[in-house]
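Enquirer: Chains as they are written, first to last, in numbering that gives the first Met the number 0: chain A, 0 to 141; chain B, 0 to 141; chain C, 0 to 141; chain D, 0 to 141.
Be aware that one or more of the hints could be misleading.
When chains are identical, the list treats them as one kind, so a pair holds in a single copy or across two.
[Unchecked claim] Capping the alpha-carbon separation at 25 Å, the derived lysine to any residue pairs in SDA-like fashion look like this:
no., residue 1, residue 2
1, Lys121, Glu99
2, Lys121, Ser8
3, Lys121, Leu7
4, Lys121, Phe57
5, Lys121, Glu79
6, Lys121, Thr9
7, Lys121, Arg10
8, Lys121, Val95
9, Lys121, Arg6
10, Lys121, Leu75
11, Lys121, Glu77
12, Lys121, Arg65
13, Lys121, Asp53
14, Lys121, Gly101
15, Lys121, Gly100
16, Lys121, Gly20
17, Lys121, Arg68
Since the hints were made in silico from the structure, they are not lab data.
The residues making up each chain are set out below.
4 protein chains.
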Amino acid sequence: MPAPTHRLSTRVRYPETDRMGVAHHSHFPVWFELGRTEWMREIGCPYGEMEDRDGVFFPVVDLGVRYLRPARYDQLLEIETRLASSEGVRVRFEYVIRDEGGSTLATGHTVHASVGRNGRPKRLPVDIRERLVAGMGMERER
Amino acid sequence: MPAPTHRLSTRVRYPETDRMGVAHHSHFPVWFELGRTEWMREIGCPYGEMEDRDGVFFPVVDLGVRYLRPARYDQLLEIETRLASSEGVRVRFEYVIRDEGGSTLATGHTVHASVGRNGRPKRLPVDIRERLVAGMGMERER
Amino acid sequence: MPAPTHRLSTRVRYPETDRMGVAHHSHFPVWFELGRTEWMREIGCPYGEMEDRDGVFFPVVDLGVRYLRPARYDQLLEIETRLASSEGVRVRFEYVIRDEGGSTLATGHTVHASVGRNGRPKRLPVDIRERLVAGMGMERER
Amino acid sequence: MPAPTHRLSTRVRYPETDRMGVAHHSHFPVWFELGRTEWMREIGCPYGEMEDRDGVFFPVVDLGVRYLRPARYDQLLEIETRLASSEGVRVRFEYVIRDEGGSTLATGHTVHASVGRNGRPKRLPVDIRERLVAGMGMERER
Chain A
0 MPAPTHRLST
10 RVRYPETDRM
20 GVAHHSHFPV
30 WFELGRTEWM
40 REIGCPYGEM
50 EDRDGVFFPV
60 VDLGVRYLRP
70 ARYDQLLEIE
80 TRLASSEGVR
90 VRFEYVIRDE
100 GGSTLATGHT
110 VHASVGRNGR
120 PKRLPVDIRE
130 RLVAGMGMER
140 ER
Chain B
0 MPAPTHRLST
10 RVRYPETDRM
20 GVAHHSHFPV
30 WFELGRTEWM
40 REIGCPYGEM
50 EDRDGVFFPV
60 VDLGVRYLRP
70 ARYDQLLEIE
80 TRLASSEGVR
90 VRFEYVIRDE
100 GGSTLATGHT
110 VHASVGRNGR
120 PKRLPVDIRE
130 RLVAGMGMER
140 ER
Chain C
0 MPAPTHRLST
10 RVRYPETDRM
20 GVAHHSHFPV
30 WFELGRTEWM
40 REIGCPYGEM
50 EDRDGVFFPV
60 VDLGVRYLRP
70 ARYDQLLEIE
80 TRLASSEGVR
90 VRFEYVIRDE
100 GGSTLATGHT
110 VHASVGRNGR
120 PKRLPVDIRE
130 RLVAGMGMER
140 ER
Chain D
0 MPAPTHRLST
10 RVRYPETDRM
20 GVAHHSHFPV
30 WFELGRTEWM
40 REIGCPYGEM
50 EDRDGVFFPV
60 VDLGVRYLRP
70 ARYDQLLEIE
80 TRLASSEGVR
90 VRFEYVIRDE
100 GGSTLATGHT
110 VHASVGRNGR
120 PKRLPVDIRE
130 RLVAGMGMER
140 ER
């Protein structure tokens with residue numbers, strides 16, 4: 000099985016910009032989520048399936064973003080995602096957003112609780128946990 | 000019972016602006032929805048209750064907007080909403096968005112299908128239909 | 000010069016869904032804009048450059064959308080864009096959004112005014128007009 | 000001069016919810032901004048004027064959010080905003096978002112750099128600094 004790429008490219012959309020002429024800060028968490036979504040798909044756990052089939056949801060319980068440089072309209076962003084930890088019912092992802100030249104525009108993290116349809120904490124199914132850990136390991140090796 | 004006000008004020012939010020310096024056109028349908036939501040509340044049919052209690056949903060099947068003047072950051076908008084028609088499983092709302100001086104910034108409409116939880120067309124419950132018709136009548140009298 | 004592809008794929012993002020479980024109707028104009036942006040890039044007129052270098056802006060003056068089927072989370076959408084007309088300071092684009100199986104989810108149009116930095120109508124520079132017309136012609140031949 | 004209220008009410012909009020049935024986490028920074036905007040207006044420094052007249056911008060350089068309970072559609076939120084510090088070219092705001100019953104849904108902070116039109120750090124004009132400090136003091140006294 001090939002190592003997950005962990006890298007996703009996306010362009011800054013026009014409505015993501017604001018009157019300051021650059022992307023509004025509230026869109027960076029959306030880009031983090033794009034990176035996380037593709038990371039989950041890569042390890043064989045598409046997030047939508049996890050919700051629909053396994054009844055496991057990953058609401059965000061903690062978010063942090065450091066903004067270093069503005070992201071401009073139509074700029075091609077590279078989103079790097081890695082799973083930093085998975086302990087009990089908590090998983091933590093870390094992100095770096097770079098421009099085409101490799102300059103870091105922002106870094107950040109999200110912490111998620113694993114919950115069931117009723118909103119209560121729910122242990123991750125074994126096969127999902129194993130895939131997450133494998134994904135984390137592959138990341139380390141790179 | 001007092002006549003519904005049909006008028007709602009809201010300010011243009013910073014992230015609703017784009018690099019052109021004015022509100023992005025995709026936010027006008029969101030403002031229409033704010034007006035529609037308060038209109039429904041006024042006639043005694045809060046939209047959320049209609050979904051949760053009656054299992055009736057109003058997805059948009061047709062949308063039209065004419066943009067006459069830009070909406071600027073922090074500008075206080077007045078959203079005027081009226082129910083234009085309610086026939087069978089279709090309801091049509093019409094909207095005017097004005098600035099504080101009364102100038103029209105945009106006009107538009109939405110057509111909604113009444114559907115049930117399964118996504119299929121569903122006749123409106125009698126009490127909701129009666130309230131809608133009453134709301135439409137009051138509008139006419141003003 | 001190769002014919003513009005006019006076709007763009009994008010996935011429905013999680014925050015684009017709403018509590019009805021499907022994409023909110025206000026995101027379809029954003030997807031139209033993605034299609035239009037790539038169409039402009041294809042014909043050699045990247046929209047951002049047109050704004051920054053030529054001082055030509057294309058604000059939306061009219062929008063219409065017909066919603067036929069819901070768009071679901073993570074679904075891969077195909078956005079088909081064509082330039083329908085370009086007369087004087089008005090250009091009209093038309094769009095079809097399909098799912099992976101080719102079913103039409105929505106159709107729509109946007110009409111844009113060509114304006115300058117001062118917000119007043121501005122004739123399109125000759126080279127942009129020529130590229131637009133060429134793009135429209137290629138579309139017809141397909 | 001009356002003390003700034005620091006409290007703003009806003010309802011959760013339909014498109015702010017996602018398929019999990021609650022507000023998407025990316026909207027909390029937008030609500031923080033609403034609180035900050037009204038706080039600035041209260042102390043006599045409307046943010047838009049500060050940008051347009053003084054050429055002073057407050058881009059976000061650091062954001063943190065802790066999510067404790069979900070925010071539901073149409074729920075009336077109370078946003079509490081306070082200026083935590085203002086040193087050199089950095090200002091830090093802190094926020095609490097509560098539901099109607101007073102339960103805390105989320106807490107967070109934003110740190111802003113004061114920059115000029117060129118994007119470079121810019122000292123706050125004296126009158127703005129004085130108003131900020133006064134606003135901070137009033138907050139302490141409550």
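Enquirer: Indicate, hint by hint, whether the structure satisfies it.
Expert: Results of checking the hints against the structure:
Within a single copy, Lys121 and Glu99 get their C-alpha atoms no closer than 39 Å, and across copies no closer than 28 Å, so neither meets the 25 Å cut-off. For the homomeric pair Lys121 and Ser8, neither the shortest alpha-carbon distance inside one copy (32 Å) nor that between copies (33 Å) is at most 25 Å. Taking the shortest Cα distances, Lys121 and Leu7 never come within 25 Å of each other, neither inside one copy (29 Å) nor across copies (35 Å). For the identical chains of this complex, Lys121 and Phe57 are intra-copy neighbours only, at 10 Å inside a copy versus 33 Å across copies, given an alpha-carbon limit of 25 Å.
Taking the shortest alpha-carbon separations for Lys121 and Glu79, neither the intra-copy value of 28 Å nor the inter-copy value of 32 Å comes in at or below 25 Å. Proximity of Lys121 and Thr9 under a CA criterion of 25 Å is satisfied in neither setting, with 32 Å inside one chain copy and 32 Å between copies. Proximity of Lys121 and Arg10 under a CA criterion of 25 Å is satisfied in neither setting, with 35 Å inside one chain copy and 28 Å between copies. When the C-alpha separation of Lys121 and Val95 is checked against a cutoff of 25 Å, the pair qualifies neither within a copy, at 29 Å, nor between copies, at 27 Å.
Proximity of Lys121 and Arg6 under a CA criterion of 25 Å is satisfied in neither setting, with 29 Å inside one chain copy and 35 Å between copies. In the homo-oligomer, the alpha carbons of Lys121 and Leu75 never lie at most 25 Å apart, since the shortest distance is 37 Å inside one protomer and 29 Å across protomers. In the homo-oligomer, the alpha carbons of Lys121 and Glu77 never lie at most 25 Å apart, since the shortest distance is 32 Å inside one protomer and 30 Å across protomers. Taking the closest pair of Cα atoms, Lys121 and Arg65 come within 25 Å of each other only across two copies (20 Å); inside a single copy the shortest separation is 30 Å, beyond that limit.
Within a single copy, Lys121 and Asp53 get their C-alpha atoms as close as 11 Å, which meets the 25 Å cut-off; across copies the closest is 31 Å, which misses it. When the C-alpha separation of Lys121 and Gly101 is checked against a cutoff of 25 Å, the pair qualifies neither within a copy, at 39 Å, nor between copies, at 27 Å. In this assembly of identical chains, Lys121 and Gly100 lie within 25 Å of each other by CA distance neither inside one copy nor across copies; the values are 41 Å within and 27 Å between. Taking the closest pair of Cα atoms, Lys121 and Gly20 come within 25 Å of each other only across two copies (18 Å); inside a single copy the shortest separation is 43 Å, beyond that limit.
In this homomeric assembly, Lys121 and Arg68 come within 25 Å of each other (Cα to Cα) only across copies, at 16 Å, whereas the closest approach inside a single copy is 38 Å.
Checked against the numbered hints above, the structure breaks hints 1, 2, 3, 5, 6, 7, 8, 9, 10, 11, 14 and 15 and satisfies the rest.
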